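Peer 1: Start from the sequences, fold in the hints, and give me the full structure.
Each protein sequence line maps, in turn, to chains A and B.
Heads up, the first sequence is in the numbering used here, so the first residue is 1 and it goes up one at a time.
Heads up, the second sequence is in the numbering used here, so the first residue is 1 and it goes up one at a time.
Rather than coming from a laboratory, the hints here were simulated on the basis of the structure.
Please note that a few of the clues may not be correct.
[Unchecked claim] If you only want the chain B side, here are some residues facing chain A, beta carbon under 7 Å, derived:
1. N56
2. D187
3. R220
4. S223
5. S224
6. A248
7. L277
8. T308
9. A314
10. K316
11. S423
12. P425
13. T426
[Said to hold, decoys possible] Now the stretches of chain A that chain B is said to cover, found in silico as 3 or more residues with beta-carbon under 8 Å:
14. 131-137
15. 191-200
16. 215-222
[What the hints assert, rightly or not] Listed below are several chain A residues computed to face chain B (Cβ distance under 10 Å; list not exhaustive):
17. H7
18. W67
19. L71
20. Q140
21. S143
22. L151
23. I152
24. F242
25. L279
Remember, it's a predicted structure, so these values are computed and weren't measured experimentally.
Glycine included, each C-beta is placed from N, C-alpha and C at the ideal position.
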Amino acid sequence: MTSLVPHVVNGLTLGLLFALIALGFTLIVGVMEVINLAHGSLFTLGAYLALSTIGAGWFSGTPFGIWWLDLPMASRYFIGLALGPVLAGAAGMLLELCLRPTYGKAPLYGLLLTFGAAIVVEEAIRLIWGTGEQNMPVPQMISGAFLMGGLIFSTYKFYAAGFAIVAILMVWLFLERTPYGAIIKAGAHDSEMVRALGYDLARLRLIVFGFGSALAGIAGMVMAPIWGLRPHLGIDVVIPAFLIIVIGGVGSFWGAVAAALLVGMATGITGAYAPAWSLMSMYILLIAIVGFRARGLLGRRSALEN
Amino acid sequence: MAQSKISRRRLLTTAAAATGGMAFMGPWMHTRVYAQATAKPIRIGITSDASGQYANSGAEDRRGMMMAIAEANAKGGVLGRKIETFHLDTETTPATGSRVAERMITRENCGFLVGAIHSGVANAISQVAQKYGVIYLNTNSSAPSEAGQNCHRVKFVFDANGSNFAKAAVQASIEKFGKKWVLLTNDYVWGHSTAAATKALLKQFGGEMIEEILVPQGTRDFSSQLLKIQQLKPGAVAAAIGGDDQKAMRQQIAQLGMGDKTAWINNQQDWPDVYGLPLDNLFGVFGTTWYYNLDLPGVADFVKRYKTMFPDTAIKVPGNVFYNGYWAVRELLGAIERAGSTNNIKVIKALEGHKMPARDRMQHHDAWIDPVTHQVQQSIYLATANVGTKDPDDMFKILGNTSPQEALDPDASGACKLESYESTPTFDA
Numbered sequence: 001m002t003s004l005v006p007h008v009v010n011g012l013t014l015g016l017l018f019a020l021i022a023l024g025f026t027l028i029v030g031v032m033e034v035i036n037l038a039h040g041s042l043f044t045l046g047a048y049l050a051l052s053t054i055g056a057g058w059f060s061g062t063p064f065g066i067w068w069l070d071l072p073m074a075s076r077y078f079i080g081l082a083l084g085p086v087l088a089g090a091a092g093m094l095l096e097l098c099l100r101p102t103y104g105k106a107p108l109y110g111l112l113l114t115f116g117a118a119i120v121v122e123e124a125i126r127l128i129w130g131t132g133e134q135n136m137p138v139p140q141m142i143s144g145a146f147l148m149g150g151l152i153f154s155t156y157k158f159y160a161a162g163f164a165i166v167a168i169l170m171v172w173l174f175l176e177r178t179p180y181g182a183i184i185k186a187g188a189h190d191s192e193m194v195r196a197l198g199y200d201l202a203r204l205r206l207i208v209f210g211f212g213s214a215l216a217g218i219a220g221m222v223m224a225p226i227w228g229l230r231p232h233l234g235i236d237v238v239i240p241a242f243l244i245i246v247i248g249g250v251g252s253f254w255g256a257v258a259a260a261l262l263v264g265m266a267t268g269i270t271g272a273y274a275p276a277w278s279l280m281s282m283y284i285l286l287i288a289i290v291g292f293r294a295r296g297l298l299g300r301r302s303a304l305e306n
Numbered sequence: 001m002a003q004s005k006i007s008r009r010r011l012l013t014t015a016a017a018a019t020g021g022m023a024f025m026g027p028w029m030h031t032r033v034y035a036q037a038t039a040k041p042i043r044i045g046i047t048s049d050a051s052g053q054y055a056n057s058g059a060e061d062r063r064g065m066m067m068a069i070a071e072a073n074a075k076g077g078v079l080g081r082k083i084e085t086f087h088l089d090t091e092t093t094p095a096t097g098s099r100v101a102e103r104m105i106t107r108e109n110c111g112f113l114v115g116a117i118h119s120g121v122a123n124a125i126s127q128v129a130q131k132y133g134v135i136y137l138n139t140n141s142s143a144p145s146e147a148g149q150n151c152h153r154v155k156f157v158f159d160a161n162g163s164n165f166a167k168a169a170v171q172a173s174i175e176k177f178g179k180k181w182v183l184l185t186n187d188y189v190w191g192h193s194t195a196a197a198t199k200a201l202l203k204q205f206g207g208e209m210i211e212e213i214l215v216p217q218g219t220r221d222f223s224s225q226l227l228k229i230q231q232l233k234p235g236a237v238a239a240a241i242g243g244d245d246q247k248a249m250r251q252q253i254a255q256l257g258m259g260d261k262t263a264w265i266n267n268q269q270d271w272p273d274v275y276g277l278p279l280d281n282l283f284g285v286f287g288t289t290w291y292y293n294l295d296l297p298g299v300a301d302f303v304k305r306y307k308t309m310f311p312d313t314a315i316k317v318p319g320n321v322f323y324n325g326y327w328a329v330r331e332l333l334g335a336i337e338r339a340g341s342t343n344n345i346k347v348i349k350a351l352e353g354h355k356m357p358a359r360d361r362m363q364h365h366d367a368w369i370d371p372v373t374h375q376v377q378q379s380i381y382l383a384t385a386n387v388g389t390k391d392p393d394d395m396f397k398i399l400g401n402t403s404p405q406e407a408l409d410p411d412a413s414g415a416c417k418l419e420s421y422e423s424t425p426t427f428d429a
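Peer 2: The following block contains the structure:
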């Protein structure tokens, strides 16, 4: 049994990372009812933009670039952590403007548009940064490894899991404890009423999409040192994110977090004891949960269930 | 006097019938019958992956082929015919590989197919190629089964395989690192057949496999597997993990500092998978078929030609994947020259048993195309990270080389049953 403990700990950290990946996706689906298939590409874009920020990017070789690279790695990393997601959020806002003609139409239109956007973003990354593998540097203070119970664990992974907890709580506090969060939630429940009360619904959607995309960018930057960074990284993100919101219940914030933890535990433990099933385990979990409870763990009851 | 007059309707009907008839005969027939008599270009279908797990290696594979074709065309082509290429993405997916091969042969009139990284894709393509008798060069997929139970008369395998690399590494590693091994195996045909070869060698040389950890393709988080390895405390870990999976694994092992705490025997290390990564990601011992810094005649010139042709590519120097893509096409074109024909059976016979001097191939030992398995038997190099290098491109330190005779896969010839010449469709490309 003692040998199981490290795998449970590992599964929980993995679950928190999955929650971070799914956070922006959940927000956009929950509030706007748009399945954003470009989520993975925005995740990757955020990471690449952060990478360029850390490494001086296009200013490399200029006096500014030389001055920039003289700054401590930690400073550049945390500026990258802010700037990369902000720019990914801006790209998300641009995508939302393109999405507007699809509102009120069949969901397939939005789905196809975001699918197309995913390909465009991925190809743009390939053109700008090249096709090869990139290495995201991390500050000394969060790199390396530590011993726990005689086993080596990655310091960075625990930092990333801690970061995920903070991000989840911040998003929840924003939605639950700020007036703007209340408007966003109200917009998700009854957009016509929100509009009738004088709020600019178009601006609200723009901000939500931008916020969700920025969260994708944050997740990209945090995950890149673990998963590596390459243009098609996005494909590894969309499927788990989608599974998590379905398992958790579409639109349920805490449902998505609980689902991410379950997926992390399932992947982590099968990875140790039945590794050939580790990727399959999340699909089995999906079938098991949705089979017994179609609306997911904490999803709202459908009218069809009454 | 009756006047012969063709009405407009009759003219149109005749023209339509003629066009329809030509369409029915199809470009396929046209190519096959008249190709030899005309200077019609030789059309090669490039079947390398441009997306998915092996997209990066696929691009390097393709660059190798393109350089060989550009050099041949600069000399006037082969048999007086220029070489044309047609590329479709095989998406690192066997089903797509089948579709691409079918289309290239039946609709795009490709007389030869070249390119593979993923062994499942290579196997799928070769089944279609055999059906039509089209010669297919598997450039870079290295499952032992490709020259074993999945061999075909039309298929030639240019990379060394998992069994060759294992033969070069396992015995010495047992002596150095101990008998207890864990196998970390990508859960598809290359991983499985490479692991089977390693297991056989462990048994032969007194080693013991204490666990085999199967890693599904597409795995991005290896923390569970790495914890498990720590718990098992093996003497060595034989890893057969490829492409993006391997990149993620290397990064995570480096983060944990496990690279020098466990003896890692990485079966084969494709250059595009590690190029540009920090050296601490390049731990353990690994195999390759070629390195751009080998101190052999011709290597410097080959590297210079690469740099001239691809000045903007992110990979600044050629690696094993490029090398195999290049040599596969070079040998195909050489075989057409020797055969004096593009007839598939004649070209197959020109390739079978063909000997390639070490000096030409820029390796330490002479190579040959095994007539029984259709695999290129060649030198194997064992390498490790070139710690302390000042040149960012010079990532490998070559530890030694093994001759093709020593690295020969003993089971391949028994497992491979080539189709007869008679049962292979024949045509002129």
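Peer 1: Give a verdict on every hint.
Peer 2: Quick rundown of the hints versus the structure:
no., hint, result
1, N56, "holds, 6 Å"
2, D187, "holds, 5 Å"
3, R220, "holds, 5 Å"
4, S223, "holds, 5 Å"
5, S224, "holds, 3 Å"
6, A248, "holds, 5 Å"
7, L277, "holds, 6 Å"
8, T308, "violated, 19 Å"
9, A314, "holds, 4 Å"
10, K316, "violated, 10 Å"
11, S423, "violated, 37 Å"
12, P425, "violated, 37 Å"
13, T426, "violated, 39 Å"
14, 131-137, "holds (count 5)"
15, 191-200, "violated (count 0)"
16, 215-222, "violated (count 0)"
17, H7, "holds, 6 Å"
18, W67, "violated, 24 Å"
19, L71, "violated, 21 Å"
20, Q140, "violated, 13 Å"
21, S143, "holds, 7 Å"
22, L151, "holds, 5 Å"
23, I152, "holds, 5 Å"
24, F242, "violated, 15 Å"
25, L279, "holds, 4 Å"
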